[in-house]
Structures are given as C-alpha cells and as structure tokens.
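With the hints as extra help, turn the sequences into a complete structure.
Residue numbers (UniProt numbering), protein chains in the order written: chain A, 1 to 229; chain B, 1 to 125; chain C, 1 to 261.
Just so you know, these hints were derived from the structure itself, not from any lab. All values derive from a computational prediction rather than experimental measurement. Beta carbons: idealized from backbone N, C-alpha and C, even for Gly. One should not assume that every hint holds.
Claimed, not checked - Listed next, with one range per pair, are the computed distances between beta-carbon atoms:
{"id": "1", "chain 1": "A", "residue 1": "MET186", "chain 2": "C", "residue 2": "LEU25", "range": "50 to 60 Å"}
{"id": "2", "chain 1": "A", "residue 1": "LEU35", "chain 2": "B", "residue 2": "GLU78", "range": "52 to 62 Å"}
{"id": "3", "chain 1": "A", "residue 1": "GLU59", "chain 2": "C", "residue 2": "ARG13", "range": "31 to 41 Å"}
{"id": "4", "chain 1": "A", "residue 1": "LEU158", "chain 2": "B", "residue 2": "GLU57", "range": "29 to 39 Å"}
{"id": "5", "chain 1": "C", "residue 1": "PHE59", "chain 2": "A", "residue 2": "PRO100", "range": "44 to 54 Å"}
{"id": "6", "chain 1": "A", "residue 1": "MET12", "chain 2": "C", "residue 2": "TRP177", "range": "53 to 63 Å"}
Claimed, not checked - Which bits of chain A does chain B cover? Going by a derived footprint, with three or more residues having C-beta under 8 Å, they are:
{"id": "7", "segment": "25-31"}
{"id": "8", "segment": "139-151"}
{"id": "9", "segment": "162-169"}
{"id": "10", "segment": "216-229"}
As the list claims (entries may be wrong) - The calculated DMTMM-like cross-link candidates involving lysine to aspartate or glutamate, where the alpha carbons are at most 20 Å apart (straight line), are:
{"id": "11", "chain 1": "C", "residue 1": "LYS75", "chain 2": "C", "residue 2": "ASP256"}
{"id": "12", "chain 1": "A", "residue 1": "LYS72", "chain 2": "C", "residue 2": "GLU260"}
{"id": "13", "chain 1": "B", "residue 1": "LYS45", "chain 2": "A", "residue 2": "ASP80"}
{"id": "14", "chain 1": "B", "residue 1": "LYS29", "chain 2": "B", "residue 2": "ASP102"}
{"id": "15", "chain 1": "C", "residue 1": "LYS10", "chain 2": "A", "residue 2": "ASP80"}
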Amino acid sequence: MIEFKDVTKRYMTKTALRDVNLKLDKGKIIGLVGLNGAGKSTTMKLIAGLINPSKGSVELDGEKVTRRIASKVSYLSELDEYYSFYTVQQTIDFFATQFPDFNKEKAEEIRAYMNLDANTKVKHLSKGNRGRLKIILTLSREVPVLLMDEPLSGLDPLVRDSIVKGLITFVDTEKQLVLLSTHQIMEVEMILDEVIAIKDGELVDHRNVEELRYDEQKGILEWMSSIYE
Amino acid sequence: MTDTFQSSQPIYLQLADRLNRQIVSGELKPGDKLPSVRETAVSSKVNPNTVQRTYRELEASGIVESRRGQGTFVTENEDILLSIREKLKQEQIQNFIQVMHDMGYQNEEITKGLQTYLEGDTADD
Amino acid sequence: MKAWLALVKKEFRIGLPILLLAIVLFLVGLVIVTVATYRFGYAWDAVGIIGLAWGGGHFFFMAIYMLYSLGVERKRLHLWLHNPMHASGLLAAKLVTGTIYMIISLLIISIAAYVGGLHFVPFSDGTWFRIGMIAFLHVISFSIDFSVYVILAYIVFLLLERYMPAFLSGVSVFIGWWVFAYLYFGLLADSKFYYAITEWGKIDLGFVANSLQFDMDVRQAIVNFQGEDTFIYAGNYVIELITILIIYFIASWLLDKKVEV
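Here you go:
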C-alpha cells in the first residue's frame, strides 16, 4: 500500500533519512520507533506528502505522493498548533468541511469518549486536551492511512491510556493503516501489529511483533535495546 | 481481563489461554456468546487483529464456533470441552512437574507433598 | 466548492485583525485631524484629505493582509497544507477575503473622502463621483495586483527558509525583490517590446485630476487639482493581468510541489 523506494531525505546540513526501502500494508497498526532525531517525523511527513524525498520515491497505491495525498491520508503532526480562535466544536466542524471523508458522528462519539468540552476555545486547552483534540480530528476521518506523529508524547498516563483505548475502539483495523511514532513503547506495545526501528536516518529492522515474540521470546523494548546497544 | 500480558510472549496465545481457562472454569458456559472482537480488544487493551487471530485459533481447536452474522460462541460439544479440560490439566501438571524436577525433587516427594497439601487444604475448608 | 467556502469563512476569521486595524487607524487619524483643524474652521477639508490619503494608502492593503494571513499559516503549515485542495484554491480564499475587507474599509473611507471632499471640490458632483470610482477601482485592482507579487515572494521565503535561517531567507527575498523590480521596471517596462505589446486599446477617461496640491497654513487649506485629459491603454491592463496570472500560477505550483513543512 505504501512503498518507499531508496528514499533519501537531505536537509542543508544533515541527512535525515538514508536509502530507506519500506513496504507497509493496510489493516495494520504499525509503530515507528527510534530515538529523537532518528528520522521518525521525516518518514511521516514524506508519507503525508508534506516534504519531498531528495532521492528515490514514496508511493501510495502505486501513485507518487504529493501534498494532495491528504485526500487519502490523515496526518497528525507532533506540533499541536490549531487555529486558536476556534472552539473545539468549531475546529471539528472546520475539519469536517475540508475533508469529505470526515465522519462527524464519529467525531462526536470520540469527543464524548475523550471527555473533551466542545465549547472550550482551542487556545485555552491544556496540553492533554490538545492531544485529545488531535486524536478526534485524526481518527474521525474514514481514510485508508492514518499517520500519528508522537500522539502520546508529553501527556500524562491517564490521557495516554484514553488515547490508546481510543485507537483500539475507533480505528478500523480491517481497512485502515495506522502508522504511529512514539517513544512511549510500553503504552502501545499491545496494540502494534508491526514495528519499525530507525536509527540515525536508517531503517534498521521491520518486524511483525507477534512473530518477534514467538521466534525470539522478545518484547519490543528488549528488541529495541538489542538494536540500540 | 484487564490484567496485563507478558510482552515477550505472543499475545494471541496468551489471550487464547485466558479464554480457554475461562471456559474450563465455567466462567464462560457452553453456548455462551463471546464478546465481539472489538469489545475484547478494548477490554484487554490489545490490537483487534490480535483478538481476531485468537478467535481463529480457538475456532480451529473447536472450543468455539463462529456463527455467520451472529458472533462467536462457546461450543456445546461435550467431547471437545472435556478434551480441552484434560489438555489444560496435563499442561499445568507438566509445567509443575518440570519446575519441581528442575529443582531436584523426586517423584515420591512430589506425590507426598501434593497429597499432604491437598488434605490440608480440605481440612482447612 | 463547499470546502472552499468553508475555507473562506476561516480566512475571514484569520484576516479580521487587519480590517479592524485599518478602520481603527483611519478613525484615529480622523479624530486627530478633526480636532487639530476644527478651531481653524477647515475640519471638513482635512477629513477629505485624510480620506483620500488613507484611501490611496490602501494600495498596500492586500499586500499587508496577505503577509499577515500567510504569517499566521507559517506557524501551522502542517495544518494549512494538509488539505486535498489545490494550492491556488488555498491562496484564492485569502485573496477573496482580503479583497472584501479592503472594499469594506474603502467604503468607510470613501464616505469621509466624499463628504469632506465636497468642501473643496471644484467639480460638479458627477465628475467627482466618476473620479472617485476610477480611483476606487484602481486602488482595488492595483492592491490585488501588488499582493500577488508579495505572495510569490512570501512563498519563495518559505521555500528558502528550509535551507537557511529565516533571517537570511528574508534578506535573500528582499534582494531578489529589488533585482526583479529593477529588471521589470528598469529594463523591460522601458523597452520597445513592452510598449509594443501594451500600447493598444486607447480609452479616454476625460478630465482626471492626477495630482493634488495642498497649501495649508493655520487659517486655511487650499487644495488645487492639477489634471488633464487622461487616457489609458487597455493593453497595459491585459498584459498586467496575464503577468499576475502567471505569477499566481507559479506561486501555487511552488506551494503545491516545493514548499515543505
């Protein structure tokens, strides 16, 4: 479904990603793990078409990815900048107008589930609640690909827990591909189908998590520390 | 079912194990409907794909049956239930004996110990 | 179309501070001149003058509006650009809202300019209105025209910003802007070729004041209109229109394909 062919992404002074080849299939929840600066966000943005590879190509269903792949991809940035003058409800409504696949009932359901007040202005939301809003906006779209860049980072354990539960409840694991980057591995350990490790811009390994447990009796954390040591 | 799984063993097997025990213990009765894949996924906080796989495994072993459009049910086939019951028992005993042997206990010691323990247990009741 | 209209609604909200700023500055200016000139008895004339001056200043309205609005998006590019809509649609939503705001602001100013202007206008009412309309339309179209160049400059700035510090990117664009202005106005616009393609379709506008002379002292203000029979070439307008369409297309293309988040 998503394919990276020899993808390199260079910035002025550094190479963020080097010769990455990657294939991701639909119907999976895939974790992207690695230290800060390893190239996780770069990978996400490449799939969202928000940056272009310096070399190689990124394709979705055989089609070269551009910015307008947004019609098939729901992207959650690690930044949580929204239009601060909108309330939660207005932000949701605005998103609903911009994406024909946005399911407003689902948004309302997730909002209620996440316990987020609809009438609070975005600029008055706490970090945890902005995190919740991001989840609502991303999961409410009925698209083949969901990209979530650090959905758990900087949030307290209760919020992280509700987000993980939200993922299990609201992602359609038969049709949707979820790629999420995180360094909170403990929280997502049980919901990942596959895990990809990147280190210094290079793809180190891409594993099916259950096979990893079966073949090597290793959890993701142990596997990661064996890669990073 | 909210207690955690071991991260170093396949989750689908641990979950299957858990359901088998619930069936053998009678927590889930013959003919009972299992929670839907998503319900189980949410309550045990695991990937729905994993639950799907668990259900497939259980179905293959015959202990549950999926009825088209209705869901997954615990089998009412006594033979299968009995054999699963027997299998779990064997597994537990095997594990136990393995551990005892590893620690150097002899069979007689183990049997005696078990007897005393079980008698004490009943006396306590 | 529905998505675009919703985007327009959002743009109205983003750009609102610029409209309010334009109106507030105008009102403040109005109050200051009125108070300053009231006791000398030519407050109305002053109102007219400030109306004309501020109205003329709207030549820059769209450029400032676009810089502000694009500046707001720069902080959340991942949000603005994560949209299946073509970049030309994203930019058009901003241009349309800016234009509507500019017209609102100009209408308010026009009232002042018109009412005040009546006090020193040597023309019959009809002429005054006609000149006003020509000025009105020119300020609007020049302002939009100018802002399209500014959009391109800003997008080039966003592009360069990925490869150098923001400050350097800004300086580069600033230098590029003047190089372009020199090439365009200094060389191209003065060339025989340019005259050849633009000087056709002569339209006579009749008498139009093309300069105002203010002569003010503490007791009075004398305003002299200096004007002549004026004509314009339709060619100039058509060529400029084609130019900014090309510029707009380039800007949209860059935003779609090259700008990175």
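Comparing the hints with the structure gives:
About 56 Å separates the C-beta atoms of MET186 (chain A) and LEU25 (chain C), a value consistent with the hinted range of 50 to 60 Å. For the pair LEU35 (chain A) and GLU78 (chain B), the supplied restraint of 52 to 62 Å holds, since their beta-carbon distance comes to about 56 Å. In this structure, GLU59 (chain A) and ARG13 (chain C) meet the distance hint of 31 to 41 Å, their C-beta atoms being roughly 37 Å apart. As the Cβ distance of LEU158 (chain A) to GLU57 (chain B) is approximately 33 Å, the hint placing it in 29 to 39 Å holds.
Checked against the hint of 44 to 54 Å, the C-beta distance between PHE59 (chain C) and PRO100 (chain A) comes to roughly 39 Å, which is inconsistent with it. Take MET12 (chain A) and TRP177 (chain C): their Cβ atoms lie about 23 Å apart, and the range 53 to 63 Å is violated. Residue count for the segment 25-31 of chain A with a Cβ under 8 Å from a Cβ of chain B: 3. That meets the three needed, and the coverage hint holds. Chain B is given as covering the segment 139-151 of chain A, and this is violated because 0 residues of the stretch bring a CB closer than 8 Å to a CB of that chain, at least three being needed.
Counting residues of the segment 162-169 of chain A whose CB lies closer than 8 Å to any CB of chain B gives 4, so the stated coverage by that chain holds, three being the minimum. Figure legend: the segment 216-229 of chain A, annotated as covered by chain B; annotation consistent (6 residues with Cβ-Cβ distances under 8 Å, at least 3 required). Between the alpha carbons of LYS75 (chain C) and ASP256 (chain C) the distance comes to roughly 17 Å, so the proposed pair stays at or under 20 Å and holds. With a CA separation close to 19 Å, the supplied pair LYS72 (chain A) and GLU260 (chain C) stays within the 20 Å bound.
A hinted pair counts as satisfied when its Cα atoms are at most 20 Å apart, and LYS45 (chain B) with ASP80 (chain A) does not qualify at roughly 26 Å. Taking the CA atoms of LYS29 (chain B) and ASP102 (chain B), the gap is near 37 Å; set against the 20 Å cutoff, the hint is violated. With a C-alpha separation of about 18 Å, the suggested pairing of LYS10 (chain C) with ASP80 (chain A) holds against the 20 Å cut-off.
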